[in-house]
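**Q** Can you make the complete structure from the sequences, with help from the hints?
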Amino acid sequence: MTSNISTTVITIDPSVVTLNIARIGIQRFGQLILFALDIIGCIFNIAIFLRPSMRTNSCANLCCLTWGLFISMLDFFMNYNLLNYSSAYCKIRSYSLTAAQLASRACVVLACFDRFLLCSQSVRQRSFCRSNIAVKVMLLTVTSCVCLSIYVLVVYNAFPQTRSCTTSSAIGKIIDTTVLFAFNLGTPALLMSTLSGLILWKLKQNSIRIARQRIHVRHRHLQLATMLIGQVILYTVTALPFVSTFVYMKITRYDPQSSKSAYRIAAESFGTFIFNALRIYFIFKLNIFDCVISDEFLCLYINSSKFSS
Numbered sequence: 010m011t012s013n014i015s016t017t018v019i020t021i022d023p024s025v026v027t028l029n030i031a032r033i034g035i036q037r038f039g040q041l042i043l044f045a046l047d048i049i050g051c052i053f054n055i056a057i058f059l060r061p062s063m064r065t066n067s068c069a070n071l072c073c074l075t076w077g078l079f080i081s082m083l084d085f086f087m088n089y090n091l092l093n094y095s096s097a098y099c100k101i102r103s104y105s106l107t108a109a110q111l112a113s114r115a116c117v118v119l120a121c122f123d124r125f126l127l128c129s130q131s132v133r134q135r136s137f138c139r140s141n142i143a144v145k146v147m148l149l150t151v152t153s154c155v156c157l158s159i160y161v162l163v164v165y166n167a168f169p170q171t172r173s174c175t176t177s178s179a180i181g182k183i184i185d186t187t188v189l190f191a192f193n194l195g196t197p198a199l200l201m202s203t204l205s206g207l208i209l210w211k212l213k214q215n216s217i218r219i220a221r222q223r224i225h226v227r228h229r230h231l232q233l234a235t236m237l238i239g240q241v242i243l244y245t246v247t248a249l250p251f252v253s254t255f256v257y258m259k260i261t262r263y264d265p266q267s268s269k270s271a272y273r274i275a276a277e278s279f280g281t282f283i284f285n286a287l288r289i290y291f292i293f294k295l296n297i298f299d300c301v302i303s304d305e306f307l308c309l310y311i312n313s314s315k316f317s318s
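Quick note on the working numbering: the sequence shown kicks off at 10 and runs consecutively.
These aren't lab readings, by the way, just hints derived from the structure by calculation. There could be a bad hint or two in this list.
To be verified - Lysine-lysine pairs mimicking DSS-like chemistry, simulated, CA-CA at most 27 Å apart:
id, residue 1, residue 2
1, K182, K269
2, K100, K182
3, K145, K211
As the list claims (entries may be wrong) - Across the chosen pairs, the derived CB separations fall in these ranges:
id, residue 1, residue 2, range
4, T186, K145, 17 to 23 Å
5, S96, G195, 26 to 32 Å
6, V155, Y98, 34 to 40 Å
Cβ atoms here follow ideal geometry from the backbone N, Cα and C, with glycine treated the same way.
**A** Now the structure itself:
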């Protein structure tokens with residue numbers, strides 16, 4: 010009696026293995042290193058900008074790190090993410106992240122506007138660059154960001170079947186996408202770029218005028234303008250991969266899993282992880298993406314030999 014034994018050999022694409030190893034490596038080591046360095050950078054930022062000669066620094070990025078990167082690390086190392094099973098926790102975390110990200114972007118936009126007014130020749134416009142006005146505007150801005158993010162508490166839910174915390178309804182997806190592009194990416198990037206261009210133009214005009222007159226310009230003001238423009242450039246560059254991945258995921262979200270190749274699945278998994286990282290950790294900083302010792306602090310350090318005169 011003869012028995013036929015057939016052996017099936019499964020060939021794994023080396024590219025798939027490489028992508029999976031890279032994703033796991035970043036999750037295991039990259040998140041921990043980034044979290045530690047960003048915490049140090051944020052603390053340095055706060056310490057620097059709490060000096061009497063400086064503006065008060067936003068702490069929104071600390072909220073993003075605590076609720077974003079730290080929870081993601083717990084999920085990876087403990088292999089359990091409460092975010093996917095508790096709707097209340099899903100709503101609170103998503104709400105906190107959204108509000109903090111909006112506030113972080115708004116702070117950079119307001120800082121650009123502050124530098125633009127300070128470069129003006131008009132005394133009336135420069136008079137708005139005062140601490141008491143800045144505090145009132147900041148309180149109003151943060152309150153607006155907190156109120157604008159309330160929709161997250163309504164449309165976000167945890168889905169244990171798919172292990173995700175996201176929106177389920179079509180209206181919720183439309184609102185979430187609109188807020189993301191209008192207030193988290195598009196409008197801030199446009200305002201930052203426009204104001205930065207105007208700041209450079211104003212500085213060039215002022216340099217010509219100052220060359221003809223004996224006017225003393227405080228070196229700190231020029232440093233802050235340079236540092237701020239550096240942050241805007243960093244924000245714009247790190248936002249591009251985020252936008253590209255987001256658009257791709259939205260276009261292909263209805264493609265059946267069975268129609269995807271192993272390489273595509275691995276690439277999407279890697280891209281989704283990087284996408285979430287960019288959304289929470291970098292840009293924002295501006296971020297965050299924002300990236301060693303906090304992208305903000307590194308950017309400030311590179312552009313300035315000292316932070317205040």
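**Q** Decide, hint by hint, whether the structure agrees.
**A** Against the structure, the hints:
no., hint, result
1, K182 <-> K269, "holds, 24 Å"
2, K100 <-> K182, "holds, 15 Å"
3, K145 <-> K211, "holds, 26 Å"
4, T186 <-> K145: 17 to 23 Å, "violated, 32 Å"
5, S96 <-> G195: 26 to 32 Å, "holds, 30 Å"
6, V155 <-> Y98: 34 to 40 Å, "violated, 19 Å"
Consistency with the previously given hints fails for numbers 4, 6, ordered from lowest to highest.
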